[in-house]
Structure formats: structure tokens, C-alpha cells
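Engineer: Spelled out from the first residue to the last, the chains are:
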Amino acid sequence: MTEAKKELEKVKKEIVVTGNEKPQVGVYVCDCGINIAGVVSVPDLVKYAETLPDVAVAREYKFFCSDTGQNIIKEDIQSGLINRVVVAACSPRMHEPTFRLVCKEAGLNQFLFEQANIREHSTWVHMKDPEGAFEAAKDLIKMSVAKARELKPLEVKTVSIEPACLIIGGGIAGMNSALDLATEGYKVYLVERTPTIGGHMAQLDKTFPTMDCSACILTPRMVDVARNENIELLTYSEVVEVTGYVGNFEATIMKKPHYVDQEACTGCGVCVDYCPVVTGNEFDLGLATRKAIYIPFPQAVPGKYTIDMDNCIKCGICAREDVCEPDAIRYDEEPEYMKVKVGTIIIATGWDLYDPTGLKQYGYGRYPNVIDGLQMERLLSSTGPLDGKPTRPSDLKAPHSIAFLQCVGSRNFREGGNQYCSRVCCMYATKQARQYKEKHPDADVYIFYMDVRAFGKGYEEFYESAGKNYGINYIRGRIAEVSEGEDHSIIIRAEDTLLQEPMELKVDMFVLSCGLESRSDAGEVASLVRVQRSSDGFFMEAHPKLRPVDTLTEGIFIAGVAQGPKDIPDSVAQAKGAASSAATLMAKGEVEMEPFFAVVRPDRCIGCGMCVENCTYGAIELIDDRHFGKIASINQALCKGCGACSGNCRCSAIDIFGFTGEQIFSIIMGGEL
Amino acid sequence: MVIEDQNKDIEQLIRDLARKLLKEKEVDVILGYTKGTIPLTSLPIVIDKVEDVDKLIWNNLCYINLAKYLVPRIPTLMNEEGQKLKVGIVSKGCIGRALIHLSVEHQIDLENIKIIGIPCNGIINRKKIEDEIGEREIFEISVSGDNIIIKGEDLEQTLPFNEYLNDLCKTCQVKSPPSIENICVGECLENPVIEDDFSDMTEFDSKTPEEKWEYIKNLLDTCTRCYACREVCPMCYCNLCFVDQNQPVWFGKTTAYSDIFTFHLIRAMHMAGRCVGCGACSSVCPMGIDLNLINRSLEKIAKERFNFTSGIDPEALPPMMAFDMEDDQEFMMEED
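Residue numbers (the numbering used here), protein chains in the order written: chain A, 117 to 789; chain B, 206 to 541.
Don't read these hints as lab results, they were simulated from the structure. Here a beta-carbon is modelled for each residue, glycine too, at the ideal position from N, C-alpha and C. Treat the hints loosely; a few may be bogus.
Calculated pairs, DSS-like style, for lysine-lysine (alpha carbon to alpha carbon, straight line, at most 30 Å) [said to hold, decoys possible]:
#, chain 1, residue 1, chain 2, residue 2
1, A, Lys-746, B, Lys-289
2, B, Lys-417, A, Lys-746
3, B, Lys-417, B, Lys-458
4, A, Lys-138, B, Lys-458
Okay, the calculated beta carbon distance ranges per label pair [what the hints assert, rightly or not]:
#, chain 1, residue 1, chain 2, residue 2, range
5, A, Thr-368, B, Phe-466, 47 to 53 Å
6, B, Lys-228, A, Gly-759, 52 to 58 Å
7, B, Glu-416, A, Gly-149, 52 to 58 Å
8, B, Lys-375, A, Phe-775, 42 to 48 Å
9, B, His-311, A, Gly-383, 55 to 61 Å
10, B, Glu-416, A, Gly-474, 56 to 62 Å
Generate coordinates for the entire structure from the input sequences, incorporating the hints supplied.
Structural biologist: Right, dumping it as C-alpha cells:
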């Protein structure tokens with residue numbers, strides 16, 4: 117067949133629906149195995165559907181989402197029996213696209229489809245009340261049929277996609293996403309709020325279970341990021357505004373002042389020797405000091421200096437010609453703002469460590485020898501403040517005994533704790549215990565746990581060996597409280613729940629294996645880019661199983677711990693997944709937009725401008741129309757179809773396609789107008 | 206100064222300013238009040254000649270909100286070439302507020318008008334007079350000293366002025382229009398500060414929901430849905446009011462209880478943060494329904510929740526127009 121003939125064939129197949137002809141609704145009630153049929157009588161629902169106005173046919177099938185089920189619907193459309201489709205089955209979240217495609221393939225406009233959710237909204241929630249469930253299912257079908265009768269064909273809009281991605285957060289997840297996308301040829305803007313990329317992984321010493329050096333595997337990636345010509349690295353910067361929509365986001369990025377000319381600075385470090393201000397080093401979690409002019413750690417990328425203006429006394433010594441030869445110090449630097457246009461956004465903002473200060477019984481912040489897991493990591497680190505020779509803070513002597521407490525702030529259903537498992541603490545405590553034992557084989561190391569969760573590849577073996585080969589004592593039980601003994605030793609009172617007896621233990625150092633939390637400012641990021649968060653505070657994925665890197669805002673993806681606690685391999689896997697999803701979208705070059713946007717009825721609009729100010733997306737403006745005078749006009753590319761304008765319009769002059777006043781009203785009235 | 210003298214002064218102020226504006230061609234026409242044809246009324250009038258200026262009057266029956274005549278749905282005042290006329294509008298406080306709010310809602314261009322500000326001394330409540338007089342016919346009503354003199358068939362009664370005012374005139378804090386540079390002439394309020402304690406609302410607010418329901422039910426009981434309140438309201442300027450829409454028909458057209466209620470409650474929603482408290486709706490109601498408490502409630506909520514009073518500041522966004530993340534969310538239901 118020639119192309120022209122094929123085209124002709126296609127045209128012939130298309131069923132023209134103008135919306136003015138008599139609606140012929142086909143109702144397809146799905147058994148969903150026993151999910152629906154096990155609670156209500158589907159044949160009775162079919163019989164009921166047949167009595168509804170304009171219903172041409174009603175059918176039952178085991179699974180309408182199956183090929184055979186889809187074909188039943190297709191045949192009815194193609195035979196001209198129906199011009200509206202109602203599927204009474206599961207949530208449209210999953211299968212609305214399936215059935216829309218069925219309509220499309222059968223030649224019917226895909227928006228002449230309506231789904232009645234009689235599973236989640238009836239047979240699942242009213243499982244124990246079959247009669248009630250049956251009544252609810254009837255109403256749901258009635259409402260959908262009523263709406264279907266009012267449906268009008270709509271056209272899908274396509275918009276082009278800017279082949280660039282904004283990545284927020286330069287930790288291991290953000291870096292991996294950036295590298296993948298840059299290698300594929302997309303422009304990447306990697307925004308990191310601290311002066312260096314690397315994130316939390318840079319603070320770690322070794323990684324479980326392979327015990328390879330964190331910095332040794334991380335720093336080459338950092339250098340790759342800096343060198344990649346497709347990546348524009350924006351460290352010490354923050355995203356302050358995001359506007360636009362999938363394919364065409366515009367982000368405003370604030371470059372915070374370094375007070376050091378980043379071009380001119382050679383990173384020689386002479387200024388550090390002269391700087392008189394000594395302050396706590398964030399990178400070493402206050403276990404070491406730094407100067408007011410600093411780089412966070414020696415391998416930082418970019419390796420240029422920054423002045424911490426909160427602590428700088430502006431003495432002017434670093435600006436002296438004999439100190440800074442390249443003359444790079446700029447005390448009067450102001451923040452710079454830049455705007456970038458991107459098609460996709462990846463959020464990889466990472467995590468904060470749970471702050472155990474509130475758990476007074478563990479003495480953190482009160483006793484010098486109680487530290488948290490990340491501090492222990494810095495003590496063990498060969499690049500840390502003690503060059504990898506851990507000592508206890510009170511007297512800088514190597515402790516003979518260490519106890520770790522697991523699940524600090526995690527799996528805690530009381531106030532102030534997080535209910536979820538942080539997934540990494542069992543393994544990092546085991547790793548730290550092993551590392552300490554390697555350095556001090558005679559030391560006594562105890563780990564107090566609820567139960568050890570060693571779920572990853574090679575994790576169980578790692579944990580087994582810790583007990584067997586390293587002699588680490590795992591004690592199942594929670595610690596009731598700790599107190600300080602002589603010489604700042606820590607006295608632990610706990611219950612060994614396996615032996616079912618209370619115990620008291622004196623150790624030299626006590627490490628709290630704190631869990632991971634969402635960033636304290638995750639809420640601000642969420643409202644900035646308009647994505648949801650789940651109840652635990654982490655960013656919410658579009659579907660926990662099938663769309664784990666997508667958000668519900670199209671074109672925005674999440675990677676790493678920003679989505680939920682995970683270890684490095686999982687973070688990297690998700691980062692690569694997010695990069696791949698972003699690339700898939702951008703590779704298509706254009707994106708289809710659901711045509712559910714607001715439309716103005718010019719004869720009703722009076723141009724009061726209420727909607728203009730109310731539109732979060734800036735999609736509405738007042739125009740002077742030749743016929744109607746001053747009226748609202750909607751930019752359909754910007755409109756998200758949220759309906760704020762429609763709901764607020766006194767004149768009912770704004771309708772949302774797919775949810776018009778008539779359609780909503782017919783749903784409420786159940787077609788009984 | 207007694208009310209009678211105040212009225213004379215205000216009338217003189219209107220006429221002087223109108224004459225001046227017309228003579229100096231600052232405006233093409235003056236929109237003001239003239240004597241009504243029956244007692245207890247006044248009429249709006251458009252004056253375009255200096256000779257006619259003396260037709261302009263001021264008395265305590267000038268209840269119409271003249272701003273209504275400037276909204277687009279009413280045929281705009283135009284010359285023969287179809288150009289908009291420059292209008293000088295006699296403005297008591299609530300007319301000034303209406304003009305400002307209408308400009309916020311893009312309905313009028315303040316540049317195109319002159320506000321002739323006058324210090325309003327209150328509007329007589331027709332319903333209260335009629336309740337007092339009963340069925341007897343009134344021939345004439347006037348103010349003498351601080352009293353209202355009513356003459357009619359076998360009737361001559363003197364009533365104290367202050368007691369027969371509209372309730373909202375008693376709490377009104379914007380007697381003159383808020384001043385806008387280059388637009389206002391006459392007596393205007395510079396930087397008005399509204400310190401309303403809503404003490405008149407205390408009694409109503411202390412009612413239980415059931416009592417409030419009962420009150421509103423009794424209040425609206427006699428409504429015939431003539432829409433006089435809508436027609437006179439400067440804020441009711443939609444092309445097609447929701448009650449007249451038929452795609453879909455939102456609710457019934459009858460005077461059944463539920464339909465009357467739906468009309469008044471939706472109209473109240475549409476007035477939230479917009480009502481300027483002129484009381485014209487109550488003044489024109491043939492059934493004597495006083496919507497004052499409903500309108501005051503709306504004003505109170507806008508003030509307490511959003512610190513907004515309509516028609517005071519041409520730059521301030523009304524609460525229903527603005528989107529603010531910090532808005533009070535107390536009406537939201539908590540997730541379990």
C-alpha cells in the first residue's frame with residue numbers, strides 16, 4: 117500500500133464527533149479478577165448501566181485492560197455503536213492512558229473517555245459492606261455516564277523542549293545525573309549551594325561493604341564534572357525562582373558572593389596562613405577548625421577560596437598585595453543573578469543528619485564523648501582532623517571501648533523521631549566498628565540494635581563477618597539512658613532483650629547512629645519547583661513502584677536521598693534513572709500537553725482581572741478584544757488547568773476543558789437535569 | 206451645626222464645584238442627584254450645561270450609588286463621536302470607595318473622572334420611616350434642625366434624625382471619599398485610617414449557627430427576587446449574572462425558599478471583600494429587606510482575616526484577588 121493510501125485508510129477509520137450528535141455511551145464494567153466482582157455483582161451493575169440515559173451498550177469482562185478486553189471496546193467503537201466510552205474499573209491513575217489509547221486506535225477522540233473508579237472508591241474501601249459498595253458503584257457509574265454525555269472532543273497540544281537540564285544539588289546523585297546527561301550531549305546546569313560539589317559522600321571515609329575509599333572513588337567524578345564542557349557548574353549558588361512548564365522552565369539562580377574573584381584565585385592558599393579568624397569547620401562537623409577564608413576540604417572542586425562573611429572581620433590582611441598575589445579579594449562583591457532556560461529539572465538536594473540533641477537520655481551535646489555517626493566518620497577518615505587515628509574528644513586518647521546505638525531518630529514513633537528506617541545506619545555502624553577494630557584489635561566494640569537490616573548486595577556477609585571475624589559484640593536492646601562516669605567515660609544502662617536482663621556497661625566513647633532526614637528547607641524547594649512531599653518530608657515520587665524518579669510535576673525528577681533514605685549504590689542508580697528519564701523526554705524534542713486548560717467565554721467575561729492576580733502560573737492577562745472589549749486571555753502553554761480562575765470567576769466566564777461547568781454540574785446531578 | 210445647615214453647605218459645595226469644573230472644561234458632564242418625583246426618593250441626573258447646575262441637590266435621601274452609572278454594562282457616557290466623556294461625579298464616601306474598588310477591578314479609569322468629594326451626613330432609612338408611619342401616605346419629607354418632618358394626609362410627624370438613619374451610616378468611617386491626587390476635588394479624606402471595632406456586629410456574632418440561620422431565614426422570607434439590589438449595586442456589573450445563566454442552570458428561578466437562599470448566599474460570596482457598604486441594596490428593596498448584617502459580616506471577615514477594607518487604597522489587592530501562601534488557613538480541615 118502506498119503512503120497516500122495508508123493515509124486515506126486512516127482518515128476513513130476516524131470517527132468524527134462534533135459533540136452535537138446524540139451521545140451513545142458504552143459502559144464497560146470490569147471484574148478486575150475478584151477485586152470488583154468478589155464484592156459486588158458485576159452483571160447487576162451492567163444491567164443498571166443499561167438503564168441510564170444514552171447508554172447504547174453495557175458489557176462485563178474479566179480484565180478490560182487486557183488485550184481481549186481492549187478489543188471488545190475497539191470493536192464497539194469501530195462498528196459505530198458508541199461514541200463515548202465509560203470504563204468502570206480501577207483508578208484512572210494507572211489505566212486512563214491505556215483506554216485513551218484504545219479510543220485513539222479505534223479512531224475515536226481520546227478525550228471522549230471517562231473512567232469510573234469502582235475499585236478504590238467502592239469495592240476496596242467498602243469490602244466489608246457489599247450492599248453499600250454496590251450502591252456506591254452504581255452512583256459512580258451514573259456520574260461517569262452523566263459526564264460522558266457532556267464530553268467534547270479535544271485536541272492534544274505539543275510544545276518543544278529545551279534540550280537542557282537544571283540539577284539542584286551537587287552530591288553523588290546530582291553529579292551522576294549531570295555526567296550522564298552531559299555525555300548524552302545535553303546542556304546541564306549543576307547548582308550546588310556550598311562552595312564545593314561532592315556532598316555528604318566527600319565526608320565519608322570508607323564505603324560499605326567493599327571498604328573502598330570514598331574520596332578515591334568520588335574525587336575523579338568531581339573532576340569529571342568540572343571538566344565536562346556540557347556542564348555549567350554553579351557552586352555556592354541557589355535556585356531562587358522557577359517559572360514555566362515542562363520543556364520550557366526558566367530558573368533564576370543566585371550566585372552568592374565568594375568575596376574572592378573565582379577567575380583570578382589560583383587556590384595557592386597563602387591567604388589561609390595569614391587569616392586571623394579561626395572558626396569551626398562545617399565539613400569536619402566542628403571537630404576541627406578553619407579560617408574565615410577557606411576551601412571546605414583539600415580536594416574541593418572548584419578548588420577556589422571563599423570568605424565566610426559571617427565570621428570575617430574585614431581586617432584586610434588577605435587583600436594585601438604580598439598575601440594575595442593575583443589580587444583576587446573582593447570584599448564588596450554582590451550576589452549575581454542569572455536566568456537559565458531548561459527543559460527538565462532534577463532535584464538531588466540530599467539529606468540532613470538527624471539531630472539527637474533532643475533525645476536527652478543519650479547525653480549528646482552534654483557529654484563530650486557522645487558523638488554522632490557522621491562525626492565518627494570524620495574521626496576515622498584519613499583526611500579527617502585526626503588523620504584517621506580516632507581518639508575521643510575529651511582527652512584525645514584512643515578509646516578502649518566504644519558502644520554504638522542504632523536507630524537514633526529512626527523507627528521512632530514518639531514525638532521528635534522519624535517513623536521510617538534510614539536504611540544506612542546498620543551498615544555504617546558495622547563498618548565503623550570494623551574499621552576501629554582493624555586499628556585497635558584489642559578494643560571492645562558494642563553495637564546496640566533493634567534488629568540488623570543488612571539487605572543489600574554483600575551486606576549480610578559483611579555483617580556476619582563483623583561478628584565472626586572481628587569480634588564485634590551485637591547486643592539486641594535499646595539503651596534506657598546514659599550517664600557520665602569518672603574520666604568522662606560513659607555509663608550505659610540498657611536491657612539485653614535476648615537474655616531478658618538489664619545490663620550496665622562502661623565505655624570510653626558512645627556513638628549515636630543517627631538516621632537521615634529530609635533537608636530542613638525541603639519545603640521551600642518543594643514550593644519553588646512545585647513538587648509534593650510525602651509525610652516523612654522527602655520529595656514524593658509519582659508512583660512508588662512504577663515511576664520512582666518522576667514527580668507529579670511533569671519534567672521534574674528526583675534523585676538520591678532527596679526522595680527517601682538510601683545508600684550510595686541506590687542513590688547512583690536513581691540518579692542515572694532520573695538522568696535517563698529526563699533524557700527520554702528531551703530526546704523526543706517535544707511533549708504532548710493534556711488539553712485540560714482554562715478557556716474564557718468572552719461573552720461572559722467582564723475583565724475584572726481577578727483571575728490574573730490569582731493565577732499561580734502567570735498564565736492569564738487582560739487583553740483588549742475587538743468585539744468584547746477588555747477580557748481575560750489564557751496562555752494555554754502556561755496553564756496547568758488547576759481551576760483556581762474558574763472557581764473564583766463571579767461571571768462563570770472561565771471553564772476548564774474536560775471539567776466544564778456543564779460537565780461538573782451533570783456529575784452532581786447524575787444526569788437528572 | 207444642625208443637619209439642615211449641613212445639607213445647605215453640601216449642596217452649595219456641589220454646585221460651586223460643578224460650575225467650576227464645567228466652566229473650566231475639566232469635565233464634560235456632572236453626575237449628581239436631583240429631587241425625586243415622589244417623597245423618600247432622589248434621582249440621579251447628568252448635567253452638561255452650566256445653567257443647569259442648580260438642579261443638583263443634596264439631601265439625606267440621596268441613597269443611590271452613582272458609581273453604578275460608570276461601569277461598562279451601563280451604556281458609557283459618550284459624545285456623538287463615540288468618545289468617552291469626562292465625568293465629574295458627586296461622591297459621598299461610599300461612592301468614592303466604589304470608584305476606587307472599581308478601578309482596582311479594571312472597570313473604570315480614574316484618570317477619566319473627577320471625584321467631587323462631599324462630607325456625607327447620613328442617609329435616612331426608608332424602612333424605619335415606613336414602619337413608623339404605617340400605611341398612611343406621605344406627601345413630603347424634609348429635615349428641619351436635627352429632626353425629620355414628615356407631612357401627609359392627616360399626618361404631620363417629627364422624628365429625631367439620628368435614630369432614623371441607615372445602620373451602616375451610624376458606623377461609617379468614610380464619610381468623604383478617600384483622596385486621590387489630581388482626581389479628587391472638594392472635601393476628601395487624606396490617608397484614611399479605618400479603625401472599625403465592629404461593635405454593631407457583637408450581637409449577631411454571639412448567636413449560635415442555628416440562631417443565625419433563623420435570622421437570615423426570617424430576613425429573606427419576603428424576597429421576591431426582583432433583583433433591585435443587584436441592579437443598584439455598583440459591584441454587580443457582570444455581563445450575565447449567575448442567576449440568569451442557563452449553561453448550565455446553576456439553580457432554579459423560583460421564589461422557593463432554597464432558590465432565594467442560593468441567590469442571596471452566592472451573591473454574598475461574590476460581595477466578599479468587595480462590598481463598599483453604601484447600603485443602596487437595602488434602600489431600594491421593595492420588601493424592605495435590610496442586607497446590612499450580611500454585608501457587614503463580609504466586611505468584618507475581610508478586615509479580620511486579610512486586613513483589607515475595600516475601596517480605600519487603589520493599590521491594595523482585594524483578598525479574593527490575591528494569592529498569598531501566608532494566608533490564614535484555619536478553615537482547612539486537618540488530615541487525620
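Engineer: Would you mind marking each hint as holding or not holding in the structure?
Structural biologist: Right, here's what the structure says about each hint:
At most 30 Å may separate the alpha-carbon atoms for a hinted pair to count; A:Lys-746 and B:Lys-289 meet this at roughly 15 Å. Taking the CA atoms of B:Lys-417 and A:Lys-746, the gap is about 40 Å. The hint is violated against a cut of 30 Å. With a C-alpha separation of about 25 Å, the suggested pair B:Lys-417 and B:Lys-458 falls inside the 30 Å cut-off, and the hint holds. As the CA atoms of A:Lys-138 and B:Lys-458 are separated by approximately 28 Å, the hinted pair is consistent with the 30 Å bound.
For A:Thr-368 paired with B:Phe-466, a C-beta distance near 49 Å keeps the hint of 47 to 53 Å intact. A C-beta distance of roughly 54 Å is found between B:Lys-228 and A:Gly-759, which places it inside the suggested range of 52 to 58 Å. Roughly 55 Å separates the CB atoms of B:Glu-416 and A:Gly-149, a value that falls within the hinted 52 to 58 Å. Distance hint check for B:Lys-375 and A:Phe-775: the Cβ-Cβ separation is about 46 Å, which falls inside the suggested range of 42 to 48 Å.
About 57 Å separates the C-beta atoms of B:His-311 and A:Gly-383, a value consistent with the hinted range of 55 to 61 Å. Between B:Glu-416 and A:Gly-474 the C-beta distance comes to about 48 Å, which lies outside the given range of 56 to 62 Å.
In this structure, the hints that do not hold are numbers 2, 10, in rising order.
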